[in-house]
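Colleague: Below, each chain spelled out in residue letters.
There are 2 protein chains.
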Amino acid sequence: MDTSLNIATIDPNFQIQSNIQEEALVWYDVRKAPFRVYGLHDYQNQFVFRRVPAAVAKATGEPLERLSLHTAGGRVRFKTNSPYIALKTVQNGRGAMPHMPLTGSSSFDLYEKKEGQYTYQKTFIAPVHMTDGYENIFYCNRTDLRDYTLNFPLYHGVNALYIGLHKESVLDAGDRYIHEKPIVYYGSSITQGGCASRPGNAYQAHITRWFDTDHINLGFSGNGKGEKSMADWMASLDMGVFVSDYDFNAPTAEHLEATHKPLYETIRTAHPDIPYIILSRPNLTKKTIQTDARHAIIQKTYVDARAAGDKNVYFIPGNELFGEVDRDVCTVDTTHPTDEGFYRMAQRMARVIKHLDW
Amino acid sequence: MDTSLNIATIDPNFQIQSNIQEEALVWYDVRKAPFRVYGLHDYQNQFVFRRVPAAVAKATGEPLERLSLHTAGGRVRFKTNSPYIALKTVQNGRGAMPHMPLTGSSSFDLYEKKEGQYTYQKTFIAPVHMTDGYENIFYCNRTDLRDYTLNFPLYHGVNALYIGLHKESVLDAGDRYIHEKPIVYYGSSITQGGCASRPGNAYQAHITRWFDTDHINLGFSGNGKGEKSMADWMASLDMGVFVSDYDFNAPTAEHLEATHKPLYETIRTAHPDIPYIILSRPNLTKKTIQTDARHAIIQKTYVDARAAGDKNVYFIPGNELFGEVDRDVCTVDTTHPTDEGFYRMAQRMARVIKHLDW
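Chains A and B, in that order, are what the protein sequence lines are.
Add 7 to the 1-based position in the first sequence for the numbering used here, that's all there is to it.
Add 7 to the 1-based position in the second sequence for the numbering used here, that's all there is to it.
Note that these hints are calculated values from the structure, not bench results.
Just so you know, these numbers come straight off a predicted model, no measurement behind them.
Please note: incorrect hints may appear among the correct ones.
Copies of the same chain are indistinguishable here, so a pair counts whether it falls within one copy or spans any two.
Claimed, not checked - Straight-line C-alpha distance at most 30 Å; calculated DSBU-like pairs for lysine-lysine: (1) K318 - K174; (2) K293 - K86; (3) K318 - K121; (4) K86 - K232; (5) K307 - K232; (6) K268 - K174; (7) K293 - K121; (8) K39 - K307; (9) K120 - K293; (10) K235 - K174; (11) K318 - K86; (12) K307 - K120.
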């Protein structure tokens with residue numbers, strides 16, 4: 008096996024060590040065309056994949072600096088007719104958590120788009136004892152041209168990602184989204200995707216497939232605190248919809264009150280016309296009347312905006328997000344959604360999103 | 008803190024080391040009355056919790072010997088008015104898998120039964136770096152008498168389990184099930200509960216709560232092969248319903264053919280009248296016509312049984328188990344169900360079970 012020759016024909020400066028036994032395999036760096044990476048910041052010019060510019064993350068604080076390197080919401084899209092799709096990723100350590108598997112925290116999953124429908128194909132599973140990344144191969148045994156979307160990990164950093172294809176296969180850019188302007192989601196660990204079993208089962212991933220829309224996931228586990236540095240940067244983004252899924256991460260109700268409406272105002276000033284969706288935290292128990300102080304603060308942002316004449320602001324109370332029956336199945340620890348919880352959240356949100364103009 | 012004195016009042020031969028800071032806490036061994044453990048074999052007399060008698064497991068083979076110590080389907084039931092429920096478990100290592108979190112493989116989750124309804128309360132989460140067990144405490148801050156069911160881990164062995172309650176609180180046996188004769192499930196890794204995010208989200212756990220029935224989980228990851236030793240022992244169990252959820256673990260279709268109907272006949276001979284439910288493996292893709300050789304073998308057991316006059320045998324094709332829409336969300340790796348997949352399996356099975364007489 009001499010893969011170095013094949014690699015050299017594509018990128019003479021780059022050789023990739025691999026244990027995959029495919030003589031005709033060529034590795035491609037997803038940072039380069041024709042690949043397009045969605046949901047990650049300025050990916051072609053960053054040393055590691057990140058969601059937030061380094062200066063913004065630094066200004067927002069040390070936990071967010073680390074979390075901003077988690078690749079939640081990242082996707083790479085491409086077309087190929089290769090009979091296999093290999094993946095090699097460089098990562099540091101692994102995102103070991105007791106209530107979320109490595110398939111969700113540190114792995115990639117692959118969808119195929121055909122006639123407007125996305126279908127799940129494969130999870131490239133990070134090994135339990137991963138230290139510096141891993142590689143894997145998916146034999147699809149097809150040579151028709153397919154349009155793929157590969158989701159990045161939800162709770163882990165990715166230094167590099169390479170896709171391996173048969174050297175004689177076609178490689179082209181994937182389809183663009185129908186909605187090229189992304190939905191930007193800002194929030195907590197739940198927004199980041201904790202605890203989906205794999206990236207494609209986070210709530211934003213469902214919405215992105217159902218509506219064929221780009222998105223940017225700005226959920227920061229435990230650290231969605233509505234900081235001004237973050238609000239100002241988010242306001243600078245070109246976006247189609249903003250989702251404020253930012254509830255219990257504020258250290259106190261007072262902190263939430265001091266930041267929740269200012270976040271709305273900051274985004275709204277920069278984007279006078281886009282839909283602005285406000286969520287409160289999904290509750291496992293279903294109370295008809297929410298008495299929680301934080302919920303009231305969140306709701307007030309919506310009520311005040313409506314009263315001030317904003318017709319493009321929406322509020323989804325958290326106690327509606329898990330539906331009506333068997334709510335027990337929706338969380339892994341009474342707080343973080345399971346795949347069932349995320350699916351129900353996406354269904355509830357879709358009832359709002361389908362009426363939006365963006 | 009002098010917990011040893013409290014412990015001594017209950018069991019002078021036993022002292023439990025604990026880091027939990029509750030002076031009035033008393034530890035109880037769940038192997039002893041008034042606790043009742045369900046779903047595990049002869050639990051009061053075994054050195055470790057097990058699902059299968061040691062001799063049967065040994066006769067069936069070394070992998071099954073190990074898997075028979077996994078506590079899938081185990082439950083302990085009790086009533087208390089203690090303002091907190093502490094848990095201490097002795098385990099070896101941890102059930103680390105890349106596609107299943109420790110909350111599912113190695114942890115316990117707690118349900119309260121009230122007016123016939125079970126409600127999820129708490130997951131006692133195994134730490135990521137667990138080596139020999141762990142402890143945890145749930146402050147419910149209530150002093151009414153509650154009826155609890157605690158589910159054992161799905162993919163890990165449990166050497167010992169202690170429940171810690173306030174020394175002045177009531178401890179009593181939990182309610183018995185409406186259906187005291189268990190549903191016995193025999194099968195593969197999916198049957199064992201891979202990859203539920205926590206024990207209460209395995210498909211049998213839903214059915215057990217919905218129908219208030221005992222059950223015994225005899226899913227053996229990769230090792231549900233229809234062995235005669237296992238079939239003979241299962242036939243000896245006192246049971247209300249048998250579920251043959253035993254598909255792709257057989258090494259070959261020929262092996263499946265040689266064992267699938269004999270398993271039916273062995274159980275049926277010992278239990279001429281109980282409902283016998285046959286499943287084939289849940290399929291992510293939804294084919295209207297199943298052409299797979301294994302599926303045909305499984306279906307033939309059913310067709311032949313009906314033809315021979317058995318009116319109490321049922322068949323649920325695997326391609327119906329994940330429902331109609333958004334089937335993608337149902338697996339973590341194209342094979343093993345997510346919580347959403349298990350929930351849909353349980354719903355499909357409930358449509359059969361609700362008509363059974365047992």
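Colleague: Can you tell me if K318 and K86 fall within 30 Å by alpha carbon in one copy, between copies, both or neither?
Modeller: For K318 and K86, the Cα distance exceeds 30 Å both inside one copy (40 Å) and across copies (53 Å).
Colleague: From the Cα coordinates, with 30 Å as the cut-off, is the pair K318 and K174 best called within, between, both, or neither?
Modeller: neither (53 Å within a copy, 58 Å between copies)
Colleague: Cα distance capped at 30 Å. Does K318 pair with K121 within a copy, between copies, both, or neither?
Modeller: neither (36 Å within a copy, 44 Å between copies)
Colleague: At most 30 Å between C-alpha atoms: does K86 with K232 qualify within a copy, between copies, both, or neither?
Modeller: So K86 and K232 fail the 30 Å test inside a copy (39 Å) and across (41 Å) alike.
Colleague: Taking 30 Å as the upper bound on the Cα-Cα distance, should K307 and K232 be classified as within, between, both, or neither?
Modeller: Close inside one copy (17 Å), not across copies (60 Å); limit 30 Å.
Colleague: For K120 and K293, with the copy left unspecified, which applies at a CA distance of at most 30 Å: within, between, both, or neither?
Modeller: between (36 Å within a copy, 17 Å between copies)
Colleague: At most 30 Å between alpha carbons: which applies to K293 and K121, within, between, both or neither?
Modeller: between (38 Å within a copy, 16 Å between copies)
Colleague: Quick one: K235 to K174, C-alpha cut-off 30 Å, is that within a copy, between copies, both, or neither?
Modeller: Cα proximity of K235 and K174: none, with 48 Å in one copy and 50 Å across.
Colleague: My question is about K268 and K174: at a cut-off of 30 Å on alpha-carbon distance, are they close within one copy, between copies, both, or neither?
Modeller: neither (53 Å within a copy, 49 Å between copies)
Colleague: Up to 30 Å between alpha-carbons, please classify K307 paired with K120: within, between, both or neither.
Modeller: neither (40 Å within a copy, 37 Å between copies)
Colleague: Should K293 paired with K86 be assigned to within, between, both, or neither, using CA atoms and 30 Å as the limit?
Modeller: between (44 Å within a copy, 25 Å between copies)
Colleague: Given identical chains, is K39 near K307, meaning Cα to Cα at most 30 Å, within a copy, between copies, both, or neither?
Modeller: neither (45 Å within a copy, 54 Å between copies)
The earlier numbered hints that this structure contradicts are 1, 3, 4, 6, 8, 10, 11, 12.
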